[in-house]
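Novice: Add chain B to chain A, keeping to what the hints say.
Number of protein chains: 2
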Amino acid sequence: MKERVIAVRISPLYPKMRQELPPLSGVRMATAEAGIKYKNRADLLFIVFDEPASVAGVFTRSKCSSTSVDHCRESLSHGIAKGVVVNAGNANAFTGRKGERTTKAIVHAAADILGAKENEIFIASTGVIGEPMDESRILSLLPDMAVRAKEGDWLEAARAIMTTDTFPKVATRRFNCCGEVVIINGIAKGAGMIAPDMATMLSFVVSDAAIASDILQSMLSEAVHGSFNAITVDSDTSTSDTLMMFATGKAKGSLPRLTNKSDPRYSVFSEQLGSLLRDLALQVVCDGEGARHLIEVNVTGATTDDAAKTIAMSIANSPLVKTAIAGEDANWGRVVMAVGKAGVEADRDLLTIWFGEYRLAINGERDPDYNEEEVGAYMKEKNIMIRVDIGLGGGKARVWSCDLTKEYVAINGDYRS
Amino acid sequence: MKERVIAVRISPLYPKMRQELPPLSGVRMATAEAGIKYKNRADLLFIVFDEPASVAGVFTRSKCSSTSVDHCRESLSHGIAKGVVVNAGNANAFTGRKGERTTKAIVHAAADILGAKENEIFIASTGVIGEPMDESRILSLLPDMAVRAKEGDWLEAARAIMTTDTFPKVATRRFNCCGEVVIINGIAKGAGMIAPDMATMLSFVVSDAAIASDILQSMLSEAVHGSFNAITVDSDTSTSDTLMMFATGKAKGSLPRLTNKSDPRYSVFSEQLGSLLRDLALQVVCDGEGARHLIEVNVTGATTDDAAKTIAMSIANSPLVKTAIAGEDANWGRVVMAVGKAGVEADRDLLTIWFGEYRLAINGERDPDYNEEEVGAYMKEKNIMIRVDIGLGGGKARVWSCDLTKEYVAINGDYRS
Numbered sequence: 002m003k004e005r006v007i008a009v010r011i012s013p014l015y016p017k018m019r020q021e022l023p024p025l026s027g028v029r030m031a032t033a034e035a036g037i038k039y040k041n042r043a044d045l046l047f048i049v050f051d052e053p054a055s056v057a058g059v060f061t062r063s064k065c066s067s068t069s070v071d072h073c074r075e076s077l078s079h080g081i082a083k084g085v086v087v088n089a090g091n092a093n094a095f096t097g098r099k100g101e102r103t104t105k106a107i108v109h110a111a112a113d114i115l116g117a118k119e120n121e122i123f124i125a126s127t128g129v130i131g132e133p134m135d136e137s138r139i140l141s142l143l144p145d146m147a148v149r150a151k152e153g154d155w156l157e158a159a160r161a162i163m164t165t166d167t168f169p170k171v172a173t174r175r176f177n178c179c180g181e182v183v184i185i186n187g188i189a190k191g192a193g194m195i196a197p198d199m200a201t202m203l204s205f206v207v208s209d210a211a212i213a214s215d216i217l218q219s220m221l222s223e224a225v226h227g228s229f230n231a232i233t234v235d236s237d238t239s240t241s242d243t244l245m246m247f248a249t250g251k252a253k254g255s256l257p258r259l260t261n262k263s264d265p266r267y268s269v270f271s272e273q274l275g276s277l278l279r280d281l282a283l284q285v286v287c288d289g290e291g292a293r294h295l296i297e298v299n300v301t302g303a304t305t306d307d308a309a310k311t312i313a314m315s316i317a318n319s320p321l322v323k324t325a326i327a328g329e330d331a332n333w334g335r336v337v338m339a340v341g342k343a344g345v346e347a348d349r350d351l352l353t354i355w356f357g358e359y360r361l362a363i364n365g366e367r368d369p370d371y372n373e374e375e376v377g378a379y380m381k382e383k384n385i386m387i388r389v390d391i392g393l394g395g396g397k398a399r400v401w402s403c404d405l406t407k408e409y410v411a412i413n414g415d416y417r418s
Numbered sequence: 002m003k004e005r006v007i008a009v010r011i012s013p014l015y016p017k018m019r020q021e022l023p024p025l026s027g028v029r030m031a032t033a034e035a036g037i038k039y040k041n042r043a044d045l046l047f048i049v050f051d052e053p054a055s056v057a058g059v060f061t062r063s064k065c066s067s068t069s070v071d072h073c074r075e076s077l078s079h080g081i082a083k084g085v086v087v088n089a090g091n092a093n094a095f096t097g098r099k100g101e102r103t104t105k106a107i108v109h110a111a112a113d114i115l116g117a118k119e120n121e122i123f124i125a126s127t128g129v130i131g132e133p134m135d136e137s138r139i140l141s142l143l144p145d146m147a148v149r150a151k152e153g154d155w156l157e158a159a160r161a162i163m164t165t166d167t168f169p170k171v172a173t174r175r176f177n178c179c180g181e182v183v184i185i186n187g188i189a190k191g192a193g194m195i196a197p198d199m200a201t202m203l204s205f206v207v208s209d210a211a212i213a214s215d216i217l218q219s220m221l222s223e224a225v226h227g228s229f230n231a232i233t234v235d236s237d238t239s240t241s242d243t244l245m246m247f248a249t250g251k252a253k254g255s256l257p258r259l260t261n262k263s264d265p266r267y268s269v270f271s272e273q274l275g276s277l278l279r280d281l282a283l284q285v286v287c288d289g290e291g292a293r294h295l296i297e298v299n300v301t302g303a304t305t306d307d308a309a310k311t312i313a314m315s316i317a318n319s320p321l322v323k324t325a326i327a328g329e330d331a332n333w334g335r336v337v338m339a340v341g342k343a344g345v346e347a348d349r350d351l352l353t354i355w356f357g358e359y360r361l362a363i364n365g366e367r368d369p370d371y372n373e374e375e376v377g378a379y380m381k382e383k384n385i386m387i388r389v390d391i392g393l394g395g396g397k398a399r400v401w402s403c404d405l406t407k408e409y410v411a412i413n414g415d416y417r418s
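Just so you know, the protein sequences line up as chains A and B, in that order. So for the first sequence, our numbering puts the first residue at 2; every next one is plus one. So for the second sequence, our numbering puts the first residue at 2; every next one is plus one.
In isolation and in its complexed conformation, chain A is listed as follows:
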């Protein structure tokens, strides 16, 4: 497939202040230029844990997941990570038996270099799908990368896994976890697409806290609800989505390993992890293709939290709502439509709808006091909040999306020379 040429400008929604990520004990990283697809930029990342790290992961729900995802999912139960290999430019997805051999070859090489078992090596690939990937260059680069890997330039790592992202995504939290100062660093990529591939969301998070793998998995699975599972750019789910978390246990403190959910550190750590993941997830939405507005959808008053999430996602994924926001139009009629089509309980005559602090509709009709001019000014802001109260119960949810602009269509559909 031929490549398209599109002028790339940095998303207008990129974070103005970039967080400085501190080095984190127990993890070393190196990047390299494998030239898989891109020229003159790093596209390969090798993460090395010199001592076994705890590991947790959540992956795409796609029924056609990639072989990399399959390998990671199967290896999780072993609970130990010694290395992670990530490449950008080719997703090695839908590449048949050949693709499986490529995954195995990379995993085998990395295990060999690090003196690890194959189920202690994790792998992720992002980029073109359906193109066979030549692993030879990766295999020849890994030994040197393992030697020169250091306690890391996280920003460089975030850059190496980008595809059509317009900015690298990093986040960090440093906090006192019941007497011990610990760090969580995370990187993510997402919303990038180059023909003929699809959006792939990858994120790798490392902490120096000492946490058992099963506990780490429990924290990660909970924290993903309000972060990566609460965002949508275009409702399309990749075959390769991967979020992995590692804990090295190398923080300076001397507290024992966290092995129990009733440990008071569990909730302290979980809250910080949730905040960091939400931070990264929002950066992904802010880099959504063609995005000019970040949309936060808050649904309250649904019969259950699940019902609220279904309604919120129906609003966040509606092309008509998303184009209205692109047009800076407070089109609450389309919000009613999206509530109605969600398929869960709702009553037209009980709905209340706000855009920002402006109430536009109440009791099933237009708010008589709503001032179109004020709302019009609000709609020009970069961050738009849509709030809907269903009026039936206590269920609530919050999700994020971005607007649907002509640039989205251009990036994904323009005729390519």
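Just to be clear, a hint being listed does not mean it is correct.
Note that identical chains are pooled: a pair holds if it fits in a single copy or bridges any two copies.
Mimicking DMTMM-like on lysine to aspartate or glutamate, the simulated pairs with C-alpha atoms at most 20 Å apart in a straight line are [as the list claims (entries may be wrong)]:
#1 Lys99 - Asp368
#2 Lys99 - Asp350
#3 Lys64 - Asp306
#4 Lys64 - Glu346
#5 Lys64 - Asp390
#6 Lys151 - Glu358
#7 Lys99 - Glu366
#8 Lys99 - Asp370
#9 Lys105 - Glu223
#10 Lys105 - Asp350
FYI, nobody ran anything at the bench for these hints, they're computed from the structure.
Specialist: Using the frame of chain A, we list chain B on its own:
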């Protein structure tokens, strides 16, 4: 809300040959300019059955359906139709108690004029939502319309119910139904949107056959699966979707009324009805906002027909698939993605994918024989067929969609002066 100004050109997918609809005994129609929103064009349609007609209907599944839809749904069980009032320009949806009074006033007036009960009058409104609708002009026009209504100019009727449709949608079938020549005429509108409303699909179908209402309902409910329930423009479901069918029993033949599903006429009539509804439904997709390509998605080999439909709709609604078709790009990787995210059983390594007659992928990888140049030429055609074989069973489904172009975003999201 202010109105946007957009240069409207007729969809490039409009049917080159328009079907001439014959007069149909037992139904009279009149149109008028009520000026609800549009100027200098008919926007009101009154359909009159001088003798009670059988009636059937299917309506939006929205949980926030309009009061017009509610009235029709409740009136169906009575099984008799004497009149139908349809207006374009205001959907009278999400207009609270005031909106309910408007619906009741129109129904009451029409019943009065035609000497009918209120549950023998059906009503549909399409256009802006959330704006109170002034019914006074409609009420003053109806008496004269009832008088001058005649055995109809169906094209004029189809024009009167348009909103942002770029062409009127009509279809007809005339056939021998086991010894009796009968006619089915149908009109539809859809894919039109004007801020702040949403796509509303309306369709009215009349036959001169003699068919009991419960049998008509059974035929309509079956036929809708392969037609109106098998199309999507943007996955957004209106609060007002209405498809109604009437049978006047005035065909020239002398066969008895059809009252039984085992009557051989049932399947003959059903087949023709299915064909007519598919015809109208495809016209709606061809007028999908900004559409430049009609997409037919054929899924075979799924575990069940329902699973096949879920997969087909996942492909047909995927923004990434739809932008790829707009870009004339045979992006089968995005088809794999859409199969994977559908959530029903699929096996990556068993998928086979064709665009038109060109097989692009087989056994989980790119077809080694696929000729990019030939496929590239095919992708420039107006009608694109995507076929996916899941390789698991005998379930199959066929649905239609259109591509997602910058014009769609412009129509629904451009900043309005």
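Novice: Determine for every hint whether it applies to the structure shown.
Specialist: Checked hints:
| no. | hint | result |
| --- | --- | --- |
| 1 | Lys99 - Asp368 | between (61 Å within a copy, 13 Å between copies) |
| 2 | Lys99 - Asp350 | between (57 Å within a copy, 12 Å between copies) |
| 3 | Lys64 - Asp306 | between (26 Å within a copy, 18 Å between copies) |
| 4 | Lys64 - Glu346 | between (29 Å within a copy, 7 Å between copies) |
| 5 | Lys64 - Asp390 | between (34 Å within a copy, 15 Å between copies) |
| 6 | Lys151 - Glu358 | neither (48 Å within a copy, 53 Å between copies) |
| 7 | Lys99 - Glu366 | between (59 Å within a copy, 9 Å between copies) |
| 8 | Lys99 - Asp370 | between (64 Å within a copy, 17 Å between copies) |
| 9 | Lys105 - Glu223 | neither (31 Å within a copy, 50 Å between copies) |
| 10 | Lys105 - Asp350 | between (58 Å within a copy, 17 Å between copies) |
In the structure shown, a violation is registered for the earlier hints numbered 6, 9, in ascending order.
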